[in-house]
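Trainee: Sequence:
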Amino acid sequence: MSTSSLDFQDKGGRLLSQVPESWLKGLGEHGQGVELLPLAEGLASFLPFTEDGSPREAILLFLLMLLAQAEGHTGLPLDLGEGSLMDRFAGEFGADPSALVDLAKSDALAALRGAPGSALPLILDGNTLYSQRLHQAEVQLAQAIKERSQANSDPLPELDLEVHSTPVVLNEEQVEAVSRTLHSRLTLITGGPGTGKTSIIVAILREALRRGMTLHRIALAAPTGKAANRMYGSIQDALGNLAEVPAVDQPLVTPALSPSTLHRLLGYQAGTNRFRHDQDNPLDADLVIVDESSMVDLILMERLLRAVRPEAKLVFLGDAQQLPSVEAGCVFKDLVAALPESVVLLKKSFRMDHEEGQAVLSAARKMSGELQGDLFQEPHPLVPHAPGNLGPGVNFLDGGAKEVRAFLLDWFHREIECTSAPDEFLRRIRHVHVEKKGQWLPDDLQRLTHLFNHYQRTRILCPIKEASGFRGAVSINEFLHKEASHTRDRALGRTLSVSLGEPVMMTRNDYRRWIFNGDQGLILMVAKDGGHPHLEVVFPSPDGEFKAHAIAPILPHLELAYAMTIHKSQGSEFDRVVIVLPEQDSEFVTKEILYTALTRAKRAVTIVGGEEVIRKAARRTQSRYSGLQIRLRC
Numbered sequence: 001m002s003t004s005s006l007d008f009q010d011k012g013g014r015l016l017s018q019v020p021e022s023w024l025k026g027l028g029e030h031g032q033g034v035e036l037l038p039l040a041e042g043l044a045s046f047l048p049f050t051e052d053g054s055p056r057e058a059i060l061l062f063l064l065m066l067l068a069q070a071e072g073h074t075g076l077p078l079d080l081g082e083g084s085l086m087d088r089f090a091g092e093f094g095a096d097p098s099a100l101v102d103l104a105k106s107d108a109l110a111a112l113r114g115a116p117g118s119a120l121p122l123i124l125d126g127n128t129l130y131s132q133r134l135h136q137a138e139v140q141l142a143q144a145i146k147e148r149s150q151a152n153s154d155p156l157p158e159l160d161l162e163v164h165s166t167p168v169v170l171n172e173e174q175v176e177a178v179s180r181t182l183h184s185r186l187t188l189i190t191g192g193p194g195t196g197k198t199s200i201i202v203a204i205l206r207e208a209l210r211r212g213m214t215l216h217r218i219a220l221a222a223p224t225g226k227a228a229n230r231m232y233g234s235i236q237d238a239l240g241n242l243a244e245v246p247a248v249d250q251p252l253v254t255p256a257l258s259p260s261t262l263h264r265l266l267g268y269q270a271g272t273n274r275f276r277h278d279q280d281n282p283l284d285a286d287l288v289i290v291d292e293s294s295m296v297d298l299i300l301m302e303r304l305l306r307a308v309r310p311e312a313k314l315v316f317l318g319d320a321q322q323l324p325s326v327e328a329g330c331v332f333k334d335l336v337a338a339l340p341e342s343v344v345l346l347k348k349s350f351r352m353d354h355e356e357g358q359a360v361l362s363a364a365r366k367m368s369g370e371l372q373g374d375l376f377q378e379p380h381p382l383v384p385h386a387p388g389n390l391g392p393g394v395n396f397l398d399g400g401a402k403e404v405r406a407f408l409l410d411w412f413h414r415e416i417e418c419t420s421a422p423d424e425f426l427r428r429i430r431h432v433h434v435e436k437k438g439q440w441l442p443d444d445l446q447r448l449t450h451l452f453n454h455y456q457r458t459r460i461l462c463p464i465k466e467a468s469g470f471r472g473a474v475s476i477n478e479f480l481h482k483e484a485s486h487t488r489d490r491a492l493g494r495t496l497s498v499s500l501g502e503p504v505m506m507t508r509n510d511y512r513r514w515i516f517n518g519d520q521g522l523i524l525m526v527a528k529d530g531g532h533p534h535l536e537v538v539f540p541s542p543d544g545e546f547k548a549h550a551i552a553p554i555l556p557h558l559e560l561a562y563a564m565t566i567h568k569s570q571g572s573e574f575d576r577v578v579i580v581l582p583e584q585d586s587e588f589v590t591k592e593i594l595y596t597a598l599t600r601a602k603r604a605v606t607i608v609g610g611e612e613v614i615r616k617a618a619r620r621t622q623s624r625y626s627g628l629q630i631r632l633r634c
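If you count by our numbering, then the sequence shown holds residues 1 to 634, one letter each, in order.
Keep in mind that the hints are not guaranteed to be accurate.
As the list claims (entries may be wrong) - Heads up, simulated DSS-like pairs for lysine-lysine below, C-alpha to C-alpha not over 30 Å straight-line:
#	residue 1	residue 2
1	LYS482	LYS547
2	LYS547	LYS528
3	LYS146	LYS347
What the hints contain is simulated information worked out from the structure, not anything from laboratory work.
Could you put the whole structure together from the sequences, leaning on the hints where they help?
Mentor: In structure tokens:
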């Protein structure tokens, strides 16, 4: 969670003359720096300490609450006992958990802590300490969801025969999902890879048009620009399989069908940190469809529910087995668990109909527990990696830095620079793409499509961003950038922090240019309106087009993307992925992490990691505290 989003500011100075070494060690074990400390000290500065009193214990309590939020918990449970979050955190920071719990409940915090409904910065609800902002969002979201799920539903409709038989024949699960969507004001559709969620979206849209709904009354959205782009492309690919697009479906193949990010749909205003659409200014939509819903955090989901009119139909699609959102909460998973009457579970995977995807799907199902069996045994066992093996399946590479370095070089030259035709690859990335009056030349549009498709074939995914020995996304990107610079920068006569043809990713939202955190682009040569060619960053748009931006203004917010974290990969799909695990077992590597990474691949996976590290990760479950399920069931 971004700690700067909390509704309080640091109005005190540093209250600690020296940060205890155990605190620094504890923060380090959780991958955190000292950024949380000023916020914890800022809260403590509001407390009325006596002259001899020490704020140290209060600062630590607030620090642990902020740490819990940074790791995705919506609050800090105060339960004690083996395995409790408070016991674990306190032990890692060298503190007495009982003393911290007593403080959290004591009158000493009365200036900051209130009961549910209070406007004070901290809320004690039962045995959980919340920030007021997250507590309010959780309570309000639960209420909005309960009202929507209990609302009267329309009669269950029969589907149009043409819709559920073309371009593919929908199976029983898919037909139920489409019918439920047209029937209920809240539908949760969850399924693993290849279960046909795109076919369901297309069928919902076609049915809606046949029932008189106009396209401008339908909203399509996803948490990220990348996921919105993929949603658009998948819909167009499916419609492209129709022998002929009927007149009633023609609006779906026009630019008017443009999925957006949730922030853009809700009209996020960066200057005020507010949304244009809310309960007083709701979305002008009768149907709202959200893809990749597991990525939506508590705050954003609550804002969405505020903005959707009570009578509108709201559809969430996703995979409840995937990693939860980066920010606080595990909302989609909670909704699926707490509202079985609103859930359609997709079990049939069409990847099993394709030989190339069976091994990846089998490994993912074993990881999630849906399929019983050992990862290293039949069916489809993980096998040792053989040099040059780019075929389908799942294999693993157990080696040190030398072996990993050799593997990365081989991957780079084979998969990125195309060893079989390196001159052709260099010619493509050195081509000057011409844009006139905001439109690409037709041939250049095709070239851009080809290049982006090329880079979408494969990616390296890492659980950890920074790790030595080619085990983190940063070190891998730096290594491959140096390799790329040998041939690419020579043509430009200079050395750059990014090179021609390299994949990059935004690390923050830029609302002026409408490019967002997680959006992926390429560094290419562009000439606009007869001007001189120069390097620009080209990003794909949800409508299938491409937009070029000058590098200089956004360079501080770009990072190389040969490798990316698994969290950042959500919403993406590749033919082949490489999963690079830490050399030693790490609590950050869980079965949810591995499942999410595996399900990014359609054809093949190489896991860089030893058998024991993989086995331990597959047994470790990521759990988040959330009160949403309990509130929904009350």
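Trainee: May I ask which of the numbered hints given earlier this structure violates, with the numbers listed in increasing order?
Mentor: Violated hints: none at all, because every hint is consistent with the structure.
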